[in-house]
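Student: If you're matching them up, the sequences are chains A, B, C and D in order. Letter 84 of the first sequence, counting from 1, is numbered 84 in the UniProt record's numbering, and no numbers are missing. Letter 246 of the second sequence, counting from 1, is numbered 246 in the UniProt record's numbering, and no numbers are missing. Letter 71 of the third sequence, counting from 1, is numbered 71 in the UniProt record's numbering, and no numbers are missing. Letter 40 of the fourth sequence, counting from 1, is numbered 40 in the UniProt record's numbering, and no numbers are missing.
Read the hints as simulated data drawn from the structure, not as lab findings. Be a bit skeptical, because a hint or two may be false.
Straight-line C-alpha distance at most 30 Å; calculated DSS-like pairs for lysine-lysine [unchecked claim]:
no. : chain 1 : residue 1 : chain 2 : residue 2
1   : C       : Lys199    : D       : Lys237
2   : A       : Lys199    : B       : Lys199
3   : D       : Lys167    : C       : Lys151
4   : D       : Lys237    : C       : Lys94
5   : A       : Lys199    : B       : Lys330
6   : A       : Lys226    : B       : Lys186
7   : A       : Lys94     : D       : Lys237
According to the in silico footprint, chain C covers these stretches of chain D (three or more CB under 8 Å from chain C) [to be verified]:
no. : segment
8   : 69-81
9   : 95-106
10  : 181-189
From the three backbone atoms N, C-alpha and C, an ideal C-beta is built for every residue, glycine too.
There are 4 protein chains.
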Amino acid sequence: MSLITFEQDRPMDFIGLGRLCIDLNANEIHRPMEETRTFTKYVGGSPANITIAIAQLGLKAGFIGRVSDDQHGRFITHYLTEKGIDTSSVITDKSGSVTGLAFTEIKSPTDCSILMYRDNVADLKLETGDVSEEYIRNAKAIMISGTALAKSPSREAVFKAVELARKHKVVVFFDIDYRPWTWTSKDEVGIYCSLIAEKSDVILGGREEFDLLEAPFGPLEKDDRKTADRWLAHQAKIVLVKHGGDGSIAFTKDGQSFKGKIFPARNVVKTFGAGDSFAGAFIYGMMQGWNIDRCQEFGAASASIVVQSHSCSDAMPTAEQIQEHIDSYK
Amino acid sequence: MSLITFEQDRPMDFIGLGRLCIDLNANEIHRPMEETRTFTKYVGGSPANITIAIAQLGLKAGFIGRVSDDQHGRFITHYLTEKGIDTSSVITDKSGSVTGLAFTEIKSPTDCSILMYRDNVADLKLETGDVSEEYIRNAKAIMISGTALAKSPSREAVFKAVELARKHKVVVFFDIDYRPWTWTSKDEVGIYCSLIAEKSDVILGGREEFDLLEAPFGPLEKDDRKTADRWLAHQAKIVLVKHGGDGSIAFTKDGQSFKGKIFPARNVVKTFGAGDSFAGAFIYGMMQGWNIDRCQEFGAASASIVVQSHSCSDAMPTAEQIQEHIDSYK
Amino acid sequence: MSLITFEQDRPMDFIGLGRLCIDLNANEIHRPMEETRTFTKYVGGSPANITIAIAQLGLKAGFIGRVSDDQHGRFITHYLTEKGIDTSSVITDKSGSVTGLAFTEIKSPTDCSILMYRDNVADLKLETGDVSEEYIRNAKAIMISGTALAKSPSREAVFKAVELARKHKVVVFFDIDYRPWTWTSKDEVGIYCSLIAEKSDVILGGREEFDLLEAPFGPLEKDDRKTADRWLAHQAKIVLVKHGGDGSIAFTKDGQSFKGKIFPARNVVKTFGAGDSFAGAFIYGMMQGWNIDRCQEFGAASASIVVQSHSCSDAMPTAEQIQEHIDSYK
Amino acid sequence: MSLITFEQDRPMDFIGLGRLCIDLNANEIHRPMEETRTFTKYVGGSPANITIAIAQLGLKAGFIGRVSDDQHGRFITHYLTEKGIDTSSVITDKSGSVTGLAFTEIKSPTDCSILMYRDNVADLKLETGDVSEEYIRNAKAIMISGTALAKSPSREAVFKAVELARKHKVVVFFDIDYRPWTWTSKDEVGIYCSLIAEKSDVILGGREEFDLLEAPFGPLEKDDRKTADRWLAHQAKIVLVKHGGDGSIAFTKDGQSFKGKIFPARNVVKTFGAGDSFAGAFIYGMMQGWNIDRCQEFGAASASIVVQSHSCSDAMPTAEQIQEHIDSYK
């Protein structure tokens with residue numbers, strides 16, 4: 001019997017919620033950003049990337065979010081539509097907000113950083129009124145990005161969406177996706193992400209991200225097993241702790257754990273996008289009813305493809321491409 | 001067997017958390033406030049009043065809160081100390097905040113209103129760092145006032161306090177205590193109060209207050225039984241729905257319900273303070289191990305005494321006075 | 001020839017602009033505020049007091065300001081109306097603002113202090129749209145209080161009012177009236193008050209207040225003569241530097257200076273209100289065409305009356321009372 | 001005799017003050033921005049461009065401003081230094097601010113627009129403490145950009161700088177440079193720009209910009225002559241009203257006016273940068289002691305060169321290039 005049951009009578013497979021932004025990736029790489037002069041524009045933001053990955057894999061996806069009322073906002077909505085993603089719940093914010101920007105700097109394949117400009121961003125203007133009970137109950141799963149909890153009114157919109165998802169048996173995926181920008185304090189990160197983690201079916205995060213969730217409530221133990229047990233005692237069926245290049249471990253409600261495979265790097269351009277492509281392919285696998293280690297392998301292969309490319313969203317592979325990549329290592 | 005178990009090895013009986021303010025009660029009553037010229041000053045705020053009531057009844061009480069760094073803040077701390085309440089977690093806020101003020105207007109015994117001045121108030125400056133795990137685990141019970149959820153950083157301090165209370169088996173009382181001031185939207189009221197209600201052992205609120213909690217998540221049913229079942233399905237053992245002058249109904253985890261008695265009004269001056277004095281005496285009864293209907297009677301008698309007085313906090317009765325009042329009706 | 005010419009064809013003598021608030025004066029005096037229990041309510045705020053003083057002296061006065069949409073705001077508007085002041089430009093603010101409060105503490109006749117609560121106050125919500133060119137050009141003089149410059153949008157409303165006053169030859173009185181509350185920084189005080197001082201016909205302030213105006217632009221000289229010359233080089237005809245109990249010195253455009261008389265204190269209750277009653281009577285004298293030293297004597301006598309009373313606004317004397325007081329010292 | 005006298009004993013010719021930002025110019029032009037994918041980065045912002053123009057023309061220039069503490073801020077400071085501009089008063093803001101961004105869209109040579117992202121920008125964090133009396137009194141002239149008045153604390157820094165400039169006979173140029181972003185209201189634009197215009201020696205602005213300055217104080221007359229007279233009655237010696245493609249008219253204190261020449265367009269890429277290159281060359285001319293119409297011709301020629309290029313700052317010509325351009329039209 002599967003750990004997670006997806007309601008099969010739903011017209012939509014997957015809803016992403018939260019950050020829709022623009023990546024401005026340096027064209028002249030292997031140098032500091034001060035010395036780059038041109039940038040290429042891509043749709044970005046972790047939940048956007050994951051939703052694009054899932055659509056690219058052939059599932060029916062939609063998105064709940066807000067975009068700015070300008071050329072950048074229109075570019076994002078247009079791009080999602082082109083990828084076959086339903087944008088009926090992607091709202092154009094009229095408050096004068098802007099699109100969040102991520103300038104990426106690639107000093108070397110392993111020395112990458114991001115400069116985020118996230119003041120007054122449209123994605124955090126998401127309101128409870130934007131979250132439709134009808135829209136959510138028509139889906140099998142929803143993905144919450146922790147960044148959407150950084151500020152009101154987006155924070156409240158997330159709580160409403162998760163409560164409605166639980167009410168209608170929509171599987172809740174939670175990607176902690178911690179970004180220091182826009183949060184007021186680390187205690188807020190821990191407190192609000194914990195409240196969502198308690199109500200989530202599957203939680204994905206790095207070791208340091210899980211530490212943030214535990215920090216307000218007592219001394220840190222930095223122990224994956226104890227972390228998993230903490231959340232499995234609530235609603236979670238799977239807790240996946242990521243350890244960067246060392247792969248990830250999935251802990252399941254039935255007491256098992258699965259260490260994920262790693263695909264040795266070939267022609268790595270940068271590390272951005274590895275997490276989002278992993279998540280997209282992993283969730284795809286779960287929705288196919290695959291067992292955990294096959295999901296992990298599929299995720300790792302997808303990540304291995306994306307890090308060879310200049311972009312994240314544009315580089316998301318199809319299921320065939322992922323399978324070929326896996327086969328090429330055998 | 002009792003519905004609620006209080007850990008007996010704790011040095012402190014009860015902690016109030018949240019609003020500490022000043023009531024400025026019109027001396028010239030039975031007229032609009034525009035025509036009153038003098039006011040008398042009292043300590044006020046629902047959790048302050050309840051804590052004072054409990055201390056007056058002989059229990060060992062403490063408080064977690066912030067007061068302004070001025071004459072009003074010092075008056076409050078001094079008053080609590082005089083009432084025997086531990087103020088080691090009452091912090092003087094240094095940010096330039098002020099004491100919340102409640103000007104009361106008594107047009108007639110049944111036509112009373114409050115004008116609250118709550119911009120930049122000290123009580124909402126409570127921070128997560130002010131909430132000590134040590135302090136909480138030394139208590140049998142803690143009372144959360146919904147007003148403390150109205151704004152950050154007090155909101156996060158409440159989430160931390162409740163999580164620590166659950167971790168250490170401190171009984172969580174939650175008084176919804178909805179005040180329209182300082183909240184950003186009704187959706188925020190519903191969302192954050194619901195998150196605390198899910199984690200509370202005893203919830204007290206009026207019919208309209210419970211409606212606020214249900215409003216963001218679907219159509220309202222306005223049904224006390226369904227409301228009670230909603231929260232009893234989480235951690236609650238007792239849900240007490242107040243219906244103003246018509247008394248209250250307590251619903252318990254074991255499926256019972258208890259309609260509270262009313263003491264016919266004698267010499268009523270105003271309606272303020274009825275709820276807080278009820279709550280204080282009701283909680284006192286529970287901590288004595290009394291059954292629900294005795295707690296309700298004790299609460300109603302206390303309320304009946306306080307409405308005959310000009311103040312709230314100053315008028316809280318002793319256990320003997322309450323018992324005498326009950327006896328006088330027999 | 002008079003230093004200042006008032007246009008005689010104007011239906012209104014005087015307009016006050018700015019702060020309308022409430023004083024809550026401790027009834028139990030000669031003790032710290034922590035130990036007082038009752039307060040009496042009066043209309044307060046420096047420009048309100050001055051305007052009331054002028055109306056009490058028999059001139060036709062009006063006011064430009066905003067009051068809160070509650071019992072306190074209505075009390076203020078009603079009180080002004082009763083005093084014969086035109087309130088057609090006193091606007092009820094609908095933004096949820098409150099009335100500024102001043103709790104006065106009288107430890108001894110010479111040890112008085114004020115605790116101001118000025119967060120989100122209605123008076124600072126005054127907007128440029130509230131300032132009517134028609135209203136201003138119908139007056140002989142306007143009084144600007146520096147406190148009205150503390151925050152936008154009131155700050156811009158002041159600049160508009162002063163520009164319109166100059167355009168229509170309405171005499172501009174400027175009372176620096178520095179209150180540390182609500183200002184963001186001392187540099188803002190100096191910069192904005194200087195901009196208004198440059199455009200004013202008569203400037204009133206204490207030595208420390210004038211220092212604030214000079215501080216951003218070079219080392220302080222703390223020299224009354226140099227201070228006066230600075231402003232007389234702009235539009236000012238009279239610069240009046242107040243030295244508390246030591247009286248005041250008036251410097252005039254024609255190079256003269258006048259040291260004001262002091263009335264020895266008799267039965268002083270508190271020092272509050274001395275400045276406002278002085279200003280009201282001084283301006284009254286100027287509008288009668290009196291010479292400077294008679295204006296100063298009239299002002300000092302008025303102040304000497306007000307400090308013998310519990311209130312400011314309620315205690316403003318008539319012209320006959322002031323004259324009797326002066327005569328009583330002869 | 002010259003209208004304007006520059007103090008000759010100053011080590012620095014010119015100080016720019018205010019906006020330092022980044023232009024991201026679409027590489028694929030003649031299409032909407034939604035369809036462009038790559039952008040080239042340049043230093044931008046009107047006062048930055050003018051200062052760069054002046055340095056390129058061989059004068060000794062400096063700048064007073066704030067840049068963000070990130071790669072974009074460092075790029076700007078480095079670029080100014082490379083152009084020979086003194087950056088000792090260019091401060092790295094540590095408050096978490098960002099660099100203002102201007103995405104330029106070139107649909108056709110005459111249909112250009114700018115999308116500005118200006119939330120929490122470093123340039124508006126300029127503080128009064130950043131403005132050094134020593135730095136200002138060492139210069140012959142200072143250029144104030146109206147955009148620097150859009151918000152505190154930059155607004156107050158401007159008032160301080162202008163007051164110090166007047167005190168030390170530093171010629172004040174004021175470019176209204178109205179940008180709708182970051183201003184709270186049009187009344188604020190008019191009020192604060194008017195206060196600076198009153199204290200400026202030379203004022204540059206478009207017809208609509210001058211209208212903004214007049215709007216708060218009475219009905220608009222939209223008459224260049226009356227506009228000029230309004231400001232010439234204060235400190236201004238030259239008021240230059242720009243009429244876009246129709247050229248500009250300079251009105252002088254001595255009652256004359258000069259209609260500027262236009263250079264017929266050749267190979268225009270876009271219209272951006274025309275105003276800033278004009279201003280830089282015009283000011284250069286004035287500092288050479290040229291008569292007004294020669295300054296205007298020099299400015300127009302510089303603008304005519306810059307509109308043929310993809311950038312603003314990078315394209316600023318030398319004095320020889322401008323002269324050659326003028327000669328080529330003869």
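Student: Now, for every hint given, state plainly whether the structure supports it.
Tutor: Against the structure, the hints:
1. Among the hinted pairs, Lys199 of chain C with Lys237 of chain D is consistent with the structure: their alpha-carbon atoms are about 21 Å apart, no more than 30 Å.
2. Simply put, Lys199 of chain A and Lys199 of chain B have alpha-carbon atoms about 13 Å apart, close enough for the 30 Å limit, and the pair holds.
3. Simply put, Lys167 of chain D and Lys151 of chain C have alpha-carbon atoms about 27 Å apart, close enough for the 30 Å limit, and the pair holds.
4. A C-alpha spacing of about 45 Å is found between Lys237 of chain D and Lys94 of chain C, which places the hinted pair above 30 Å, so the restraint is violated.
5. Restraint check: the Cα-Cα separation between Lys199 of chain A and Lys330 of chain B comes to about 51 Å, which exceeds 30 Å; the hinted pair is violated.
6. Of the pairs offered as hints, the one joining Lys226 of chain A and Lys186 of chain B is violated, with about 37 Å between alpha carbons and a cut-off of 30 Å exceeded.
7. With a C-alpha separation of about 44 Å, the suggested pairing of Lys94 of chain A with Lys237 of chain D is violated against the 30 Å cut-off.
8. Only when three residues or more bring their CB closer than 8 Å to a CB of chain C does the claim for the segment 69-81 of chain D stand; here the count is 0, and the claim is violated.
9. Taking a C-beta to C-beta cut-off of 8 Å, the segment 95-106 of chain D contributes 0 residues in contact with chain C, too few for the three needed, and the coverage statement is violated.
10. A count of 4 residues in the segment 181-189 of chain D with a Cβ less than 8 Å from any Cβ of chain C is obtained; the coverage claim is therefore met, three being the minimum.
The structure fails to meet hints 4, 5, 6, 7, 8, 9 from the earlier list, while all remaining hints are met.
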